[in-house]
Every structure is written in C-alpha cells, then in structure tokens.
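**Q** Using the hints, put the two chains back together into the complex; each one sits in its own frame.
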Amino acid sequence: MSFLGANGPDSLIWWDWVDRHREEIKQATFEHLRLTLIAVAVGFLISGALALVALRYRWTYAPITWITGVLYTIPSLALFVLLVPWTGFTTLTGEIGLVSYTLLILIRNIVAGVDSVPAPVKEAADAMGYRPVRRFFAVDLRLATPTIIAGLRIATVTTIGLVTVTGLIGLGGYGGLINDGIDRTFSTPIVVGAGLSVVMAVTLDVGLAGVERVLTPWARRKVAR
Amino acid sequence: MSKRFPGSRTPAVQELSLELPSGSLAALVGPSGCGKTTTLKMINRLIEPTSGCIEVQGRNVVEMPLHELRRGIGYVIQQTGLFPHKTIAANIATVPSLLGWGKERVRERTQELVDLVGLDPELLRRYPAELSGGQQQRVGVARALAADPPILLMDEPYSAVDPIVRGRLQDELIALQARVHKTIVLVTHDIDEAIKLADHIAILNVGGVLEQFGPPADLLRAPANEFVANFLGRERALKRMALLRVRDVELVSGPVVEVSASVEESFKVMADHGVDWLGLRDGDRLLGWAWAADLDGVRSLGDIATEPFRAWVRPDTPLREALDLIVDSSTRVAAVFDDEDRYLGMLTIQQIADGMAQ
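Each protein sequence line maps, in turn, to chains B and A.
Following the working numbering, the numbering of the first sequence begins with 1 at its first residue and continues without gaps.
Following the working numbering, the numbering of the second sequence begins with 1 at its first residue and continues without gaps.
Quick caveat, the hints were computed from the structure, so don't treat them as lab data.
The reader is advised that the hints may include incorrect statements.
Claimed, not checked - Between beta-carbon pairs, the in silico distance windows are:
hint, chain 1, residue 1, chain 2, residue 2, range
1, B, ARG131, A, GLU226, 46 to 52 Å
2, A, GLY100, B, VAL199, 48 to 54 Å
3, A, SER159, B, PHE137, 30 to 36 Å
4, A, PRO163, B, ARG131, 35 to 41 Å
5, B, PRO63, A, GLU108, 49 to 55 Å
6, B, ARG220, A, ARG59, 43 to 49 Å
7, B, VAL214, A, PRO163, 39 to 45 Å
Stated by the list, open to error - Subject to a maximum C-alpha distance of 30 Å in a straight line, what follows is the list of computed DSBU-like cross-link-like pairs (lysine-lysine):
hint, chain 1, residue 1, chain 2, residue 2
8, B, LYS122, A, LYS103
9, B, LYS122, A, LYS182
10, A, LYS182, A, LYS196
Please read these numbers as outputs of a predicted model, since none were measured by experiment.
In this text, a Cβ means the ideal position worked out from N, Cα and C, and glycines have one as well.
Looking at chain A on its own, in the form it has when it is part of the complex (with noise of 0.2 Å):
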C-alpha cells in the first residue's frame, strides 16, 4: 500500500508490501520521515491509505466499518493519551464500555487486567495525573488489551519514560506477550529497542522504503546494505549474542573428572586440554574445581578443597551474559547447568565464537 500526504509531492510511504506473522511482535524502525508511524496508524485507519489494501486476518480493513475495526484492534502510543477526565478504572474499561458491556463483566476484566500488567488495584480510583510515567504507561497498555482484541498497535510507547522504567517496561511485555501471544506491531525509533522487543524487524527508509524485513538475529548477521548495517549500529556481533542463548551453542566437556578418577588421570585430561586446572564432578553434580598444584602429593581426589564455579550459566541465558562472566572468571570458562543444577558442559569462548559463525 501507499500513502501521500495532500500537499506533499512525495510519497509518506511508497508501494511498501509486508505481512506480519500472527501472534508474534514486528517491529518497525527507521529514521525520521521513514514512514513508520504512518504505517501503523493505516492498520487502524487513523490514516487512510492512498491506495493498496490492508488485510488484518484476512479481512481488508478498508471494508470495515471504522470503529468496528478499530475496537477489535488496541492502541498504545508514547503520551499514553490517557483520558484525564477519567479514573483509571474508567480508562481501562473504555473499550468495553463502548462495546456494552455489563457492569460485573467490566469489573472483573478490569481485575484480570491489573493482574496481568502489574498495576496496585489501588491506582484504579486514582486519575492519569496521579500516576508516574511508568504507571500511566502500563495503564495504557491494560487499556489497549481491555476487550482483548488478536491485535496490538505500539506507537513509540516507551520513548517518553526514563531509560530505567523503559528498561523494565520492555523486560515486562516481553513477560506479557509471552502469556497473552498478541500479534504486536510496534513502532520505535530505537533499533536496540527493536533487537530486545521484536520477533521480526522492518527497517524503512525515508519514504516508507522496506530495506529489510526478518529476525533480528538474521539482520545482524547480514545486513541487507549499507544502510541496514549503519541503522543496526557498531558491535553488530554483540548484540547478536545479547539474542543468542547458551542453547544454541555446542558445549564441550572441559577438563572435568569424575571424583572417583586417579590422581594421574586427572593430570592426563589437564595436559589434554592443555589448562592448569581441573573440574570435579559426581555423576551429574559439579563439585567445584582446583589448581593443577593442589593435586601435588594428593592420593585421592576426594581428598582436595575446591572452590565453586562462579561462572555459571543456564540453557537460556543469552550468551552475552555468559560472555560477559568468562572474561571475568579465573578459569576462562562458564559452567553450564540445567534448572535442576545438573551439569550439562562447560561454555568457552571458541564456543561461542563458533556458535556465531553458524
């Protein structure tokens, strides 16, 4: 679809052809004049397209009556747009208030809501103004998933928060999406905000121009262009690995015996792995680990004071994190556990690099 602004001899976004997978988040970004927010706002008709046509699940909204369309769809934007007027309950329940509701209905969705985005019930008496910016802003969101409708529109909703609350209003929808798996469409300008947000970006240029569209991971990878690569930033591979997990890379044994091992077995897996030091393990338990020269005149294993692996990681930490800790352990290598604290392998560096180069 296309849309030109009267007046403007070139177009806000030009021919610009995308589908969106349901129930996941897309994000899209671009610089300033890209079009973005056009885009989004043409889902709900708050812009009318020029031309082209806008399928939401199969049906063109175009065809649609406009507050049909637009109650089956919910909103997030930057300011919030709160109804000052209105307690927060009342703005929570504007949605299904509109479509009729009965009293006992709204109140217990109203219920659910505050649960599920993490609001004290004791803000629903209150009014907008009473409330901190991060507050408004869950506030907002209830709002938007009041009559629980397949589709979430985001216009820049965390760029007027501080960076901390944004942090963990971000951390707080992906726990969401996680439960309610919306189809999310979320306008940012923030492209980092994008890579921690988003199943699958969009990045337009000026003019609504798609320049590449899929995964996070697979653009910082590889950049479609110049363009692409600029937008994504410095330290592409980084934040790759902020995406990646611990999971997704092989791990190896390391220099790790079973505590019943001999003594000179043990200095044998030491010179293979070509390290000074050794990990003891009883069945799926890891014991700890000691120096090379801890084992001098030592006759059992059993008989050494280890220390712990403060380097340890889970399946799910995002190798960034396990990066981060490897560096700054002695032993140069994190330990990997599953929930139930069994040991599954050890976690290098080579590892990780491998595992960026698939």
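Next up, chain B with everything else stripped away, as it sits in the complex (with noise of 0.2 Å):
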C-alpha cells in the first residue's frame, strides 16, 4: 500500500493533492462526459441517417464505409492539428474528430443488425401486411437492437479513451490533468484522469448493457432458459 498511501516523492498518487483539486477534477469529469455525450449522440444521428441510406440505397453501403474507414485510419492528433486551423482551439474542433471516428463503428452495427433479421421473419411480417416503414420500425429495427447497442458501448468507450486526447487542444477534461501531470513530471494528476477515465467508461458500458436488458425482454428470456 505504500506506494498509493503515503504521500512521499516515490508514490504515484498524493491525495491530498487530489483532496485540493476536488473542485477541477470534478470540472474535469463533466468535460469529459459532456465531450462523450455529444460527440456518441450526434455520431449516432449522421449514422442512423447514413445507416437508412445504405439500407435503402445498397450500393452506397461500399462508399459510405470507405469514407468512414478513411477517417476512422486517421490518427486522432493528426486529425486535431489538421482541424485547428480552420476550427480553432474550440469544442467544434474534438467534435469533429470525435464524431468521425464512432460514424463507421455505428453505421457498421445498425446495418448488420438490421441485415441479421431472418428473412423468414420479414416475409412474414410482409405476408401479414406490415407496410414496409411500419415493418422496418416495428420489425427490422426492433429485432437489430442488441447489435446496435453492442455498437454504442464500443463506439462510446471508444470515445472516452479519445476526449483524453482532446486534452491536448486545450478542451479540458481528463486529458487537461494528464498534460498536466506530464507538463511538471507530476504522477498524480495522470493517474487519476487515466483512472477516472476508465472508471467512466466502465460506468457508461455497464449503463448501456442495462439499457440494452430493458429493451430486449425477450433475449433476457432466451439465456434464462
């Protein structure tokens, strides 16, 4: 325990620096899960958009993929650094970034998931003469569920390790308390933004499994057989 207890020059973490920080940290974790939020909720609107248009349209499935794919190849820092000049140093500049890279993650989930109803479900939703939007709300969406969820938990943990970067264009959050740390050879502050980090994005993906239980009573059923 020593080396988390005491609060000498050879401990990575001193709490009572965290004890007279409480008041940042907490800015720090609000940053973070506002950065989060936004950037899953808006990737999961242009994906869901996106979604329906390869759905509908299926040769634009390939490009669509590809251009995400591109972005998503893109080295988060670099994609930054590229934005500031034309975006500055603002929440804009993470949020394109940030938003980009859940695009291909989500679009990939919604379409597989709705791609995965059995055929011999939507023919007899057709045969009982569903109309194809009602169909494709009640039926196909409903049924891709637990694949799109599966899509948000990856995409949203995959969001929360990225914020930490945004740190670095000055946009707060747990990322402002890792620069600092490594700005003064400091080890607290990095070890709690890394630490909280992960604890968020635990939180968020257990939060989203729960979510995930409600909305899909009847898989829950199936594994309590």
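**A** Rendered as structure tokens:
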C-alpha cells in the first residue's frame, strides 16, 4: 500500500493533492462526459441517417464504409491538429474528430443488425400486411437493437479514450489533468485522469448493457431458460 | 399466369392455370424447382406474377392494395416466421392490431384461437424462443387465422418439425379445417403429406408445368403419366386404401346366424360360406364367434361360449387400417359396427379389393 498510500516523492498518487483539487477533478469529469455524450449522440444521429441511406440504396454502403473507414484510420492527434487552422481550439474541432470516429462502428452495427433479421421473419411481416415503413420500425429495427447497442457501447468506450486526446488541444476533461501531470513530471494528475476515464468507460458500458436488457426482454428470457 | 425471374432464361412458372375450390384444402406438390412456392407466393404477391391474372374470390389480386390483400390472407411458413421480439399473445394479435381492432376484441379473439389450435394459455406471455417447434407451429397457425381470413396459405409448414410432432400437427390441421372450412393452399414436397391432408392435389413439374390435378384418390387410381406415377411412389393401392373408408365398400352378411337359429342351420351357413367358424347375433347386436368344432354335441346355440370379434371397425375407419386388422385376425374378417355398436356386416379382403376396383 505504500506506493498508493503515502505522500512521499516516490508514491504514484498524492491523496492530499487529490483532496485540494476536488473542484478541478469534478470539472474535468463533467467536461469529459459532455464531450463524450455529444460525440456519441451526434455520431448516432449521423450514422442512423447514413445507415438508412445504405439500407435503402445498397450501392451506397461500400462508399459510405470506405469514407468512414478512412476517417477512422486518421490518427486522432493528427486530425485535431489539421482541423485547428480552420476551427481553432474549440469544442467544434474536438467534436468533428470524435464524431467521425464513431461513424464507422455505428453505421456498420446498424446495417449488420438490420441485415441479421431472419428472412422468414421479414417475409412473415410482409405477408401479414405490414407496410414497409412500419415494418422497418416495428420489426427490423427492434430486432437489430442488440447489435445497435453493441455498437453504441464500443463507440462510447472508444470516445471516452479519445476525449483524453482532445485535452491536448485544451478542451479540458481528463486529458487536461494528464497533460498537466506530464508537463510537471508529476504522476498524481496522470493517475487520477487515466483512472477516472477507465471508471467512466466501465460505468457507461455497464449502463448501456442495462439499457439493452430493458429494451430486449426476449433475449433475456432466452438466456434465462 | 406465369413468372419469370430477372436473369433467368426459363420461366419459374409457365402458363399455369388452376382453379382451386373454395372451402377445401389444395396441395401444390412437386420436386424442387417446380415453382410450387413461387406459385403460392404469387397469391399474396410476395412474388409478383410476370403475366396472367390471379383472382381471389373474384377479385384480381394485382388490382388490390398490397397490405389490404395480405391482411385478408393467412400465411404460415416452415420456420414459423414468428416475431422473436414479441410475446406469443402479441404475435397472434399481429393482423388484428394492424387492422386497428380494440383491445378487448383482440383479447377475446386470442382466447378463441388458443382454444382452436390447442395451445396452453400460459404460453401467451412467453416469447417464441421459449416454445418447442410444435408449439411454435401452432402459434403460426393461430396468427395466420387471427383476423379470420377466408384463405390460408401454408408453405411447407411441417417440414421443420420431427415426424411424430408432424403427424400430430397434420391431424390437428384436419380437425381444424373440419371446423373452419378455409380455402387452404398448402405447398409441400412430401406427397404423403399431400395425400393425407388435401382434398385436391396439383402435381407440378419443373418450370411450373401442371401434370395432374384432382382428388388424391383419383390421382392414385389413375396417374395421368409416368411422372405423376413416379412422384406418387410405390404402393399406390395401399396409399389409396388409406384414403378410402369402410363405408365406401359393400359389406357382406358373413357366416352369421341369429342365436335362436338351429344347430343344423348353422352348419349349413358355414358350408355355404366355406368357413369353419360361425358368428352369432341377437338382433343388431353381434355376440361373438365360435369354431365349428365347438358346435359338436351342442343342443342350442345359446349354450356356446363365444369369443368376441377382435377385428372390428367403424364405417369411417380407413380401409388400410381395416385390412391390417383383417390379415391379423383368426377369422380373416372384420366386423363392422356403427357408432351405437349396431352390427352392420362383415368386411373381407375380397370386399376391399372389389371396392378399390370401382
């Protein structure tokens, strides 16, 4: 316990620093959460729209995944730096990058989820007299829910990690704490920033898993059997 | 009507013309590639015909709004196509909900259907994945019948369940149809299933060519050609025997005498029939039978200890079942009784053969 417990120069974390910077840590947590939620929400909306286009016009799926795939491969720091001359050190710069990283995962999962709906189920729905739009929302999308939420979970956890990078362009969040620690070769803010981002990732992931359970009672019962 | 799929040179169904009688069950049978499923799906326009016309109750289906047409036609498929995310109750209520029925009406109808298809009401709150294959298939039928459509389309409904359950579901369908009298179109590759269930069978060849159409017994007695004969398979007479019933053949009186008759008369009756056993009756009750040897030294027929006829049938017993009993019996005959156990006559192998020849 000595290396977490004491306040000597060798310990990884100085608890009295944590105590004195409560307000700052709270602020960082709030900013980190805000950046993450905006990114995932906006990313989900754009992905939903693009997935609809891809599902309706099949030929667009390849170019859509290609473009979002290219976006996904650009190193995050490079993307932020490239955007700064245009949009400055703003939330917008951060969010453009963050959102673009969620697109590939979310679009793929939405399309894969809808595609995985068994053909006999779709056929039965048509034969029962569902009209196309109603069938899409009442059958296809409902059955795609587990896959879509799986995508949201990956996107959320990934974004939480990436938000620490936006700290480098001065957007706050846990990245701010980590930068501060690196600049001063002082481990405590680094450990606090990294540790809390892990806690946030796990919390949101578990939360989304809970949402999935509530939204897909049929899947839960199947497991329970 | 015809159907040619894009990119295919030969039509899947070529100028098929068929009139299916309403209120009865017609089976479309044939090898894979014969277009039987395509034909079925053109009725509710899951597949649009390339040319021709399909009339349902005098209305051309192509001119009807798609969803309206489909809500009036029940549809049952092999893998049931139940909605995995909906409870059994919600699955059954699919079409009524689409039609905008009130809650109370839907609930009452669901209850009726559960009784009709023999489903445990406990299952209504479950999800499809929690049910056995047979139960799922019953739910599929209940869902198809929910809005009481005059027409029911069934696409290989029983091919995914095991043979024992399949047999039971087939029996249930026969009983169900006796109550609801729907116009049912059944697609199957199993000729025996078609023979068992259908009032009429259409045998299709590759490319949707109609080889023969008629009641199963007619097809079995007189297959139109080699293809139909091959498709019907071996033992056609036995298969037809399973369709014909005891009431379809003439019965004989048999070596049976009134219990009040004299012993001499009894020997004469046995001699006339060329048998060494005698049946005893008291009015329209059949008492049993005895060997000729048992009559030796007996003064009155009433003194004989008779054996009951173990081979006995009802008028609605299939001939095949009757034949099975006859060949297994000591007397080589089956006694026929009506539902009130009144004696109607004897059935022999000769009677069956004569009846089959008609």
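**Q** Evaluate each hint against the coordinates.
**A** Right, here's what the structure says about each hint:
no. : hint                                 : verdict
1   : ARG131(B) with GLU226(A): 46 to 52 Å : 47 Å, holds
2   : GLY100(A) with VAL199(B): 48 to 54 Å : 49 Å, holds
3   : SER159(A) with PHE137(B): 30 to 36 Å : 32 Å, holds
4   : PRO163(A) with ARG131(B): 35 to 41 Å : 39 Å, holds
5   : PRO63(B) with GLU108(A): 49 to 55 Å  : 53 Å, holds
6   : ARG220(B) with ARG59(A): 43 to 49 Å  : 45 Å, holds
7   : VAL214(B) with PRO163(A): 39 to 45 Å : 41 Å, holds
8   : LYS122(B) with LYS103(A)             : 25 Å, holds
9   : LYS122(B) with LYS182(A)             : 25 Å, holds
10  : LYS182(A) with LYS196(A)             : 17 Å, holds
No hint from the list above goes unmet by this structure.
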